[in-house]
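A.B. asks: Single-letter residue listing:
Protein chains: 2
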Amino acid sequence: MNAEIISVGTELLLGNIVNTNAQYLSKRLAELGHFVYRQTTVGDNAERLAQVLKEALERTTLIVMTGGLGPTQDDLTKETVAKLFNRKLLLDEVSLKRIRERTGEIELSDANKKQAYIPEGAILLPNDVGTAPGCILEDRGKIIVLLPGPPVEMENMFERYAAQHLKHYSEGVLVSRILRIFGLRESQLAGILKDFFERYENPTVAPYASDGEVTVRITARATDKKQAEKMIAPVAEEIIKRLGDHIYAEGKTSLEEVVIEMLKKAHLSIATAESCTGGLMASKLINVPGASEVFKEGIIAYSNEAKMRLLGVTSQILKTHGAVSAETALEMAKGVATLAGSDIGVSITGIAGPGGGTPEKPVGLVYIGIWFAGRKSVKKLQLHGNRNWIRLKSALYALDTLRRVLKTQSK
Amino acid sequence: MNAEIISVGTELLLGNIVNTNAQYLSKRLAELGHFVYRQTTVGDNAERLAQVLKEALERTTLIVMTGGLGPTQDDLTKETVAKLFNRKLLLDEVSLKRIRERTGEIELSDANKKQAYIPEGAILLPNDVGTAPGCILEDRGKIIVLLPGPPVEMENMFERYAAQHLKHYSEGVLVSRILRIFGLRESQLAGILKDFFERYENPTVAPYASDGEVTVRITARATDKKQAEKMIAPVAEEIIKRLGDHIYAEGKTSLEEVVIEMLKKAHLSIATAESCTGGLMASKLINVPGASEVFKEGIIAYSNEAKMRLLGVTSQILKTHGAVSAETALEMAKGVATLAGSDIGVSITGIAGPGGGTPEKPVGLVYIGIWFAGRKSVKKLQLHGNRNWIRLKSALYALDTLRRVLKTQSK
Numbered sequence: 001m002n003a004e005i006i007s008v009g010t011e012l013l014l015g016n017i018v019n020t021n022a023q024y025l026s027k028r029l030a031e032l033g034h035f036v037y038r039q040t041t042v043g044d045n046a047e048r049l050a051q052v053l054k055e056a057l058e059r060t061t062l063i064v065m066t067g068g069l070g071p072t073q074d075d076l077t078k079e080t081v082a083k084l085f086n087r088k089l090l091l092d093e094v095s096l097k098r099i100r101e102r103t104g105e106i107e108l109s110d111a112n113k114k115q116a117y118i119p120e121g122a123i124l125l126p127n128d129v130g131t132a133p134g135c136i137l138e139d140r141g142k143i144i145v146l147l148p149g150p151p152v153e154m155e156n157m158f159e160r161y162a163a164q165h166l167k168h169y170s171e172g173v174l175v176s177r178i179l180r181i182f183g184l185r186e187s188q189l190a191g192i193l194k195d196f197f198e199r200y201e202n203p204t205v206a207p208y209a210s211d212g213e214v215t216v217r218i219t220a221r222a223t224d225k226k227q228a229e230k231m232i233a234p235v236a237e238e239i240i241k242r243l244g245d246h247i248y249a250e251g252k253t254s255l256e257e258v259v260i261e262m263l264k265k266a267h268l269s270i271a272t273a274e275s276c277t278g279g280l281m282a283s284k285l286i287n288v289p290g291a292s293e294v295f296k297e298g299i300i301a302y303s304n305e306a307k308m309r310l311l312g313v314t315s316q317i318l319k320t321h322g323a324v325s326a327e328t329a330l331e332m333a334k335g336v337a338t339l340a341g342s343d344i345g346v347s348i349t350g351i352a353g354p355g356g357g358t359p360e361k362p363v364g365l366v367y368i369g370i371w372f373a374g375r376k377s378v379k380k381l382q383l384h385g386n387r388n389w390i391r392l393k394s395a396l397y398a399l400d401t402l403r404r405v406l407k408t409q410s411k
Numbered sequence: 001m002n003a004e005i006i007s008v009g010t011e012l013l014l015g016n017i018v019n020t021n022a023q024y025l026s027k028r029l030a031e032l033g034h035f036v037y038r039q040t041t042v043g044d045n046a047e048r049l050a051q052v053l054k055e056a057l058e059r060t061t062l063i064v065m066t067g068g069l070g071p072t073q074d075d076l077t078k079e080t081v082a083k084l085f086n087r088k089l090l091l092d093e094v095s096l097k098r099i100r101e102r103t104g105e106i107e108l109s110d111a112n113k114k115q116a117y118i119p120e121g122a123i124l125l126p127n128d129v130g131t132a133p134g135c136i137l138e139d140r141g142k143i144i145v146l147l148p149g150p151p152v153e154m155e156n157m158f159e160r161y162a163a164q165h166l167k168h169y170s171e172g173v174l175v176s177r178i179l180r181i182f183g184l185r186e187s188q189l190a191g192i193l194k195d196f197f198e199r200y201e202n203p204t205v206a207p208y209a210s211d212g213e214v215t216v217r218i219t220a221r222a223t224d225k226k227q228a229e230k231m232i233a234p235v236a237e238e239i240i241k242r243l244g245d246h247i248y249a250e251g252k253t254s255l256e257e258v259v260i261e262m263l264k265k266a267h268l269s270i271a272t273a274e275s276c277t278g279g280l281m282a283s284k285l286i287n288v289p290g291a292s293e294v295f296k297e298g299i300i301a302y303s304n305e306a307k308m309r310l311l312g313v314t315s316q317i318l319k320t321h322g323a324v325s326a327e328t329a330l331e332m333a334k335g336v337a338t339l340a341g342s343d344i345g346v347s348i349t350g351i352a353g354p355g356g357g358t359p360e361k362p363v364g365l366v367y368i369g370i371w372f373a374g375r376k377s378v379k380k381l382q383l384h385g386n387r388n389w390i391r392l393k394s395a396l397y398a399l400d401t402l403r404r405v406l407k408t409q410s411k
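As they're listed, the protein sequences go chains A and B. Quick note on numbering: the UniProt record's numbering labels position 149 of the first sequence as 149, and the sequence is numbered without any gaps. Quick note on numbering: the UniProt record's numbering labels position 385 of the second sequence as 385, and the sequence is numbered without any gaps.
Think of the hints as simulated: they come from the structure by calculation, not from any bench. Heads up, the beta-carbon is just placed ideally off N, CA and C, and yes, glycines get one too. Just so you know, not all the hints are guaranteed correct.
Claimed, not checked - Derived lysine-lysine pairs resembling DSS-like cross-links, with alpha carbons at most 30 Å apart:
| id | chain 1 | residue 1 | chain 2 | residue 2 |
| --- | --- | --- | --- | --- |
| 1 | A | K380 | B | K113 |
| 2 | A | K361 | A | K319 |
| 3 | B | K113 | A | K241 |
Stated by the list, open to error - Footprint (simulated), chain A over chain B, 3 or more residues, beta carbon under 8 Å:
| id | region |
| --- | --- |
| 4 | 69–83 |
| 5 | 104–111 |
| 6 | 293–300 |
| 7 | 312–325 |
Take the sequences, apply the hints, and build the full model.
C.D. replies: Structure follows, in structure tokens:
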């Protein structure tokens, strides 16, 4: 069923809070087979709220509203909906009792009492977490769901009471599968998967870029989850075939989680030596719970002196090739593995800028070195962007390079 | 001026991501004197996007749009806006050059080239972080601002380029002064500055919490900048008096920038030893350009073995007090300063969770050690939150503790 979400609250329009409700509901409605075509946020103003609601009713069948059910004067959602559908607001005794228990007031204030009214004929949605109940109103072929604004109350009410009703209205489900990609830009992806992105059929395929990574989302609409997954499978298979090793995971798994998992499985330990990234790669690895099983130690060797003393890089190599070179990267990787007694050493050395670049070695030049039980590999990068971006991409590339080395190894 | 925000992206309607852009823009537009009356989210669909845009144009003067500027086929925002206003899309050579530099492609693919087109007569908004530029189109008394979808790109473009234009459309000037705070929660701040926050006058005072820090923004509306600054001064003075040492900087200066600056001024060098934060503190310090002048080296000693071998923590101390203790923190700080030959050593050791907690040493227990030319200081923290949050807060607290030590020192 086509759906729209209306979020009510001046605090949203002032930017005081993020609208997490709209995301939550969009996702859950899709899973229940209702596709959200529009999300609208409007303030606590009866006239503008009525306008938004009227417009939505002209376009769509299912409207889910959050906010404006509370005790204060500017909580207007129920009143506006009731007026629009010519329904009286009736006192719900069960809700009244619950509000009494929850507030500890025997003689309820008018403000608190106000919350216990719901439109005549509506299905009550109890609020187990707060005081204001919600409801579902069916009228003139439309379905309007009223939920409270506080996310904890909204989610509880949705999952315990609203979802089961909404299931009945749906003609099917929407299921998504997400492929996570590293080493390709969104524009490159657009070339490789052009035919998929242009399909506006079922399933749909769409790219998404964020924080240095790209994902591809495949979404199918079907009568049930199994059927949807069956529709996604051949599309995913073809995309996986085309992108090959560039896909590092599915769903929400991060690059560092993949690497830690691979290391654990292969019973391999790791140590890191970082120059320009200054601990960013190690920090990402250590953010994975249980990283201590495989992460031995990390050295942040920013100066040449530290590279020599801690990692055993020779002054000869630094003099001949420079601190930012394939040779230094490899010595750093070997050095840290030796120091830590780990199976693998990974290093990053580069010029993050803004200063320090030369025509031969410009800002953004980065070398990644990997020493793995005596075998060496090195990757040269020329990155573009500000200092923070170059450092982030360097750390991600190091993780991805390690992932590819481990993958080859396990074959 | 009345404003609306239109967010474009099917990923928002599917609930794959939270719409933080709408919040950010609502807040910033208000500060610039534009009140947002509606936020709308629509998918990557030309027809529905055009419909939303047409409706908004009937209601409002200023429309700020995010998303749909990228290289793929379903990025349609510019095309839709150009069509609606009968404008051609013209190739912008500066953007083209920038995309070439950023992607490293000499012969740009059609997908990448697509991004460099903007509607005829529009004001260009450069993208310093990504590839797709934005623009501002003025037509028929309306102002349409197009910004990219990824929050990092959007915020950079808004602050560096869009905001100054949007200032001109409001009457008078809005001037903000930002005080950066560490060591107080937003709710504590609400207590201390209650009287200021409740003033809905001119200037306004508002708190912002993000990424473990809190800021207070004082905003005045006046006929000119000088007048606005004059209105802000006494308010700022009173707030600074109340918050004292908790204020570490003004404007956009980060905690790590303050620390690096203090170290530079005092000609002091530093080395870091991190356990649970795994390089996060060092990484923050090294993100400051020119950090190499004062940062000697960092050790990520996750295991007890590494703490002993690299930092000289004795097995006696580890056995008696444990790896997460004031004693170990101090030994680590001293150890890394000795190893690096630096004036100052800073250490972090703690339990970031989710596992590893005990009733005596629960998850979130963190010790920060500082060794400064023979003098020792230690700070014990009990943090709450997930692993990532505990690690972030630990790194920030370490920087703040060092800041306070350096401040006392310089007195």
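A.B. asks: Could you run down the list of hints and mark each one as holding or not?
C.D. replies: Taking the hints in turn, this is what the structure says about them:
1. K380(A) with K113(B): holds (26 Å)
2. K361(A) with K319(A): At roughly 15 Å apart (the allowed maximum being 30 Å), K319(A) and K361(A) satisfy the hint.
3. K113(B) with K241(A): holds (27 Å)
4. 69–83: Contact hint for the region 69–83 of chain B vs chain A: holds, 5 residues under 8 Å.
5. 104–111: With 3 residues in contact (Cβ-Cβ under 8 Å with chain A), the coverage given for the region 104–111 of chain B holds.
6. 293–300: Since 6 is at least three, the answer is holds.
7. 312–325: Since 0 is below three, the answer is violated.
Against the hints set out earlier in the document, a violation occurs for number 7 only.
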